[in-house]
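One-letter residues, chain by chain:
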Amino acid sequence: MNASTKTSANPERSTDLSTGAATSAPRAATDLPMIRRLVAKDLYLYRWFILGATLAGLVSLYVTSLHGVTGFILFLTTLAALGVFIAMYGILVERKEKTLLFVLSLPVTPLQYTAAKVLAALIAFLVPVLVLAAVALGLNIAFDPPPNGEIPFTVITFGLFLANFCFLVALLLITGMEIWAVAGILLTNLTIPLFMNVVTGLPGIGEHIRGPVAVWSPTVLSILGIELFVAVLALAVAFTVQSRRTDFI
Amino acid sequence: MTVPAIEFSEVSKRYDFFTLDAISLSLERGQIMGLVGPNGAGKSTSIRILMSLVQQDAGEVRVLGHAMPAGQVRAKADIGFVSDDMRLFGTATLGWHMGFVKSIYPGWDDAYAARLLKRFYLRPEQTIGKLSHGERVKAALLLVLARRPRLLVLDEPTAGLDPVARHEVLAEFMEVLADDERSILFSSHNTVDVEQISDQITFIDRGRVVDSNDKEVFLERWRRLSLDVPAGTSLPAPAGVAEVAREGHAALVTANDYTPEIDAVFEQAGAKVRAVQRMTLEEIFIANVMHDRKERGE
Chain A
1 MNASTKTSAN PERSTDLSTG AATSAPRAAT DLPMIRRLVA KDLYLYRWFI
51 LGATLAGLVS LYVTSLHGVT GFILFLTTLA ALGVFIAMYG ILVERKEKTL
101 LFVLSLPVTP LQYTAAKVLA ALIAFLVPVL VLAAVALGLN IAFDPPPNGE
151 IPFTVITFGL FLANFCFLVA LLLITGMEIW AVAGILLTNL TIPLFMNVVT
201 GLPGIGEHIR GPVAVWSPTV LSILGIELFV AVLALAVAFT VQSRRTDFI
Chain B
1 MTVPAIEFSE VSKRYDFFTL DAISLSLERG QIMGLVGPNG AGKSTSIRIL
51 MSLVQQDAGE VRVLGHAMPA GQVRAKADIG FVSDDMRLFG TATLGWHMGF
101 VKSIYPGWDD AYAARLLKRF YLRPEQTIGK LSHGERVKAA LLLVLARRPR
151 LLVLDEPTAG LDPVARHEVL AEFMEVLADD ERSILFSSHN TVDVEQISDQ
201 ITFIDRGRVV DSNDKEVFLE RWRRLSLDVP AGTSLPAPAG VAEVAREGHA
251 ALVTANDYTP EIDAVFEQAG AKVRAVQRMT LEEIFIANVM HDRKERGE
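These protein sequences, in sequence, are chains A and B.
Reminder that position 236 of the first sequence reads as 236 in the numbering used here, one-by-one numbering, no gaps.
Reminder that position 57 of the second sequence reads as 57 in the numbering used here, one-by-one numbering, no gaps.
What the hints contain is simulated information worked out from the structure, not anything from laboratory work.
A couple of the hints might just be wrong.
[Said to hold, decoys possible] Short derived list, chain A residues pointing at chain B, Cβ under 7 Å:
(1) ARG37
(2) THR99
(3) LEU101
(4) SER105
(5) ASP144
(6) PRO212
(7) PHE248
Glycine included, each C-beta is placed from N, C-alpha and C at the ideal position.
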């Protein structure tokens, strides 16, 4: 009988050990309590990254309010470092240090593992980002007039970091290799100066950054759409590859 | 009707430089099978297929009645798996791991976990990263034993352990075996450990099952005969003999299905049977593997 990838697509037919009677199992992919436990496990292991990034972000926002560009660069560095740490520690180190073997020996499918991994990574990344965004908005109110023109640019900058993060997570889930991690980090880091130079010069963005009003121009919305599309596409590719994979160790 | 704990039927897996070749084996409930083979024989690949960490290219695998990999969630809920290259989270404590595993398995036994902590001389507040290799293995064993799984799958669990730690770990397995419903698949290249706890032995080499039988059957069937052979005497090769190694006037015969008639055949040929000795499992394993390789012309 041929098995391999074909068997994983078949509905399960099991036999009860005591009776020998065949039973049907529910689809494993819907085991939400198990996914929740794996997410909680990852968040516990990420806790110092989350806390550290939030504190570093708060410091960089404070420096931004005093020295402008220097603080902003520090802020961007914090976001980039958070993404890299979570992806590297959560996915690559788990594979390299063989803790993946422990996790996959639990009653979980590789697809559930992937779902939990992505969900935990997104939460670990977005929690500090959202906290810092809320603090940044709060700081804006302290200015008179508030520099609200920066808001759309800041949002698409967050969008870039989210897209980069999802790309890196997907790349490491698919390859699980250090060399690809280095390549991914280099590539995503290159997008930051490129983004700053190109996007600030685009009509519908550059002229509003220093203004008092947040202008959500079609350019801003298009860039945001592209960033979200890239993020979703990267994760979708990772799920597709994982669902077709036959070897997980 | 009872279903075997493990059933492998013609299971194959092909890699660039290694092929697991149509492996078939069966482990009944309440039995302990020692999977013995040299490094690279296919023990870990077989176990990884059993755990659905790797999917077979062909063949059928059923674990505790569940077809794998489709039924892996249900099967793994009743499997305790420990491998020598499995690691726990280095930055977390043993207590955190115990809480995590307990949250997943409703059968977690707090009292047994406490007893294992004491027996293995571990403390919940210890950080995994600071444990020695032996302590890490014992911590991993504690996490699987305390949930009282119906099937224990152990891939080289005693590798790298000092003699005392090995003794503690094997003693714990013996206690687990007191429960007739539990089954154990124990992979090792250490035949002493396997001989100590297994009911059944499966020898595996170069991706193939060489032989599989009850331990007692192996120990009963295999014998080593020392012969004195006068010059000019040619030795026959009766049925049940795996190998005849002759040097001058002496010959060493390895029988894989020994009966006293084999002695008579050699005596009739002019040789004198000096001694018939039982073989250790390690000797049986080596002789078995070498005989199989010779049979296949490898």
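Status of the hints after comparison with the structure:
The beta carbon of ARG37 (chain A) comes within 6 Å of a beta carbon in chain B, closer than 7 Å, and the hint placing it at the interface holds. This hint holds: THR99 (chain A) has a C-beta 5 Å from the nearest C-beta of chain B, less than the 7 Å allowed. Because the beta carbon of LEU101 (chain A) sits about 4 Å from the nearest beta carbon in chain B, less than 7 Å, this interface hint is met. A cut of 7 Å between beta carbons decides the hint on SER105 (chain A): the least distance to chain B is about 4 Å, and the hint holds.
For ASP144 (chain A), the shortest C-beta to C-beta distance to chain B is roughly 46 Å, which exceeds 7 Å, and the interface hint is violated. Interface hint status for PRO212 (chain A): violated, as the beta-carbon distance to the closest one in chain B is roughly 47 Å, over 7 Å. At its closest, the beta carbon of PHE248 (chain A) sits 5 Å from a beta carbon of chain B; the interface hint therefore holds under the 7 Å criterion.
Hint compliance for this structure: hints 5 and 6 are not met, and every other hint is.
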